[in-house]
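Using the sequences provided together with the hints, build the complete structure.
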Amino acid sequence: MLLKQVVLIGAGNVAWRLGLRLHEQGIKIALVFSRRIANAQALAGELNCPATDSLDKIPALDNCLYLLAISDDHIATVAAGLGHLNGPGRVLAHTSGAVSSRVIAGDFDQTGVFYPLQTLSRDRPVNFEQLPVCVYSADPKVQDGLLQLASRITQQARVIDDEQRKKLHVAAVFVNNFSNHLFSVGQQIVEAEGLSFDLLRPLIAETAAKVMEQDPKDMQTGPARRGDQQTILAHLQYLQKFPELQNLYRVISHSLQQMYHLKP
Numbered sequence: 001m002l003l004k005q006v007v008l009i010g011a012g013n014v015a016w017r018l019g020l021r022l023h024e025q026g027i028k029i030a031l032v033f034s035r036r037i038a039n040a041q042a043l044a045g046e047l048n049c050p051a052t053d054s055l056d057k058i059p060a061l062d063n064c065l066y067l068l069a070i071s072d073d074h075i076a077t078v079a080a081g082l083g084h085l086n087g088p089g090r091v092l093a094h095t096s097g098a099v100s101s102r103v104i105a106g107d108f109d110q111t112g113v114f115y116p117l118q119t120l121s122r123d124r125p126v127n128f129e130q131l132p133v134c135v136y137s138a139d140p141k142v143q144d145g146l147l148q149l150a151s152r153i154t155q156q157a158r159v160i161d162d163e164q165r166k167k168l169h170v171a172a173v174f175v176n177n178f179s180n181h182l183f184s185v186g187q188q189i190v191e192a193e194g195l196s197f198d199l200l201r202p203l204i205a206e207t208a209a210k211v212m213e214q215d216p217k218d219m220q221t222g223p224a225r226r227g228d229q230q231t232i233l234a235h236l237q238y239l240q241k242f243p244e245l246q247n248l249y250r251v252i253s254h255s256l257q258q259m260y261h262l263k264p
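Quick note: UniProt numbering has the sequence shown finishing at residue 264, numbered continuously throughout.
Since the hints were made in silico from the structure, they are not lab data.
Some hints could be false.
Stated by the list, open to error - Here are the simulated lysine to aspartate or glutamate pairs, DMTMM-like style, with alpha carbons at most 20 Å apart:
no.: 1; residue 1: K263; residue 2: D218
no.: 2; residue 1: K4; residue 2: D73
no.: 3; residue 1: K167; residue 2: D109
no.: 4; residue 1: K217; residue 2: E206
Dropping the structure here:
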């Protein structure tokens with residue numbers, strides 16, 4: 001199946017970055033939909049296409065991907081309002097890492113997933129060349145069409161089924177969302193002491209650089225990795241002024257010691 005055009009359903013961070021990349025690679029964006037017309041118009045203006053805030057005004061187009069780039073909790077509801085678009089040569093897919101493709105299977109005959117595995121922000125360009133885009137459909141022809149489309153925007157187009165993608169998303173939450181939370185925790189601690197978070201940025205950058213070259217388990221350092229109970233206890237004592245952070249420190253230290261078979 002050859003998908004020649006895309007209707008973006010959503011105008012948030014994922015829709016912006018995907019829309020711009022698809023457009024750059026010569027793929028026609030036929031329309032942008034958003035409940036907030038101003039948001040739809042802003043993105044449509046960049047993509048040289050019309051905008052709408054009405055699902056009923058989304059046209060039925062041939063060889064078209066209707067891409068649900070919206071929050072997970074709205075996917076099923078919005079998909080249920082697109083049944084009038086169902087037909088040969090029309091595919092409905094979502095961009096979520098956590099939602100099964102089956103969630104939208106009742107509303108369209110041809111459905112799938114088009115999931116970019118990256119943290120995306122409207123105003124921050126990303127390098128799509130090596131950005132994994134995970135596609136899946138229970139229909140082999142639809143899956144082939146999604147894979148071909150993904151291959152036009154990245155060198156890392158992959159077929160990842162629902163179960164694999166769900167587990168991949170869990171891992172992504174650990175390496176992205178949780179790590180960023182820990183950066184925020186570090187910022188809270190240094191700023192509470194009148195220090196600048198800028199002091200920690202080189203450390204963060206070096207840690208990220210090492211991860212790109214080494215197995216994370218092999219590069220682990222720190223008191224918990226060494227089994228340095230004296231330092232751990234000193235840190236926990238300091239963190240008495242931050243009870244929630246003290247508990248977080250204790251849990252992560254215990255996890256590290258278990259991973260390296262060290263006795264707490």
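Okay, the hints, checked on the actual structure:
no.	hint	verdict
1	K263 - D218	19 Å, holds
2	K4 - D73	28 Å, violated
3	K167 - D109	26 Å, violated
4	K217 - E206	15 Å, holds
Going through the hint list in order, the structure does not satisfy hints 2 and 3.
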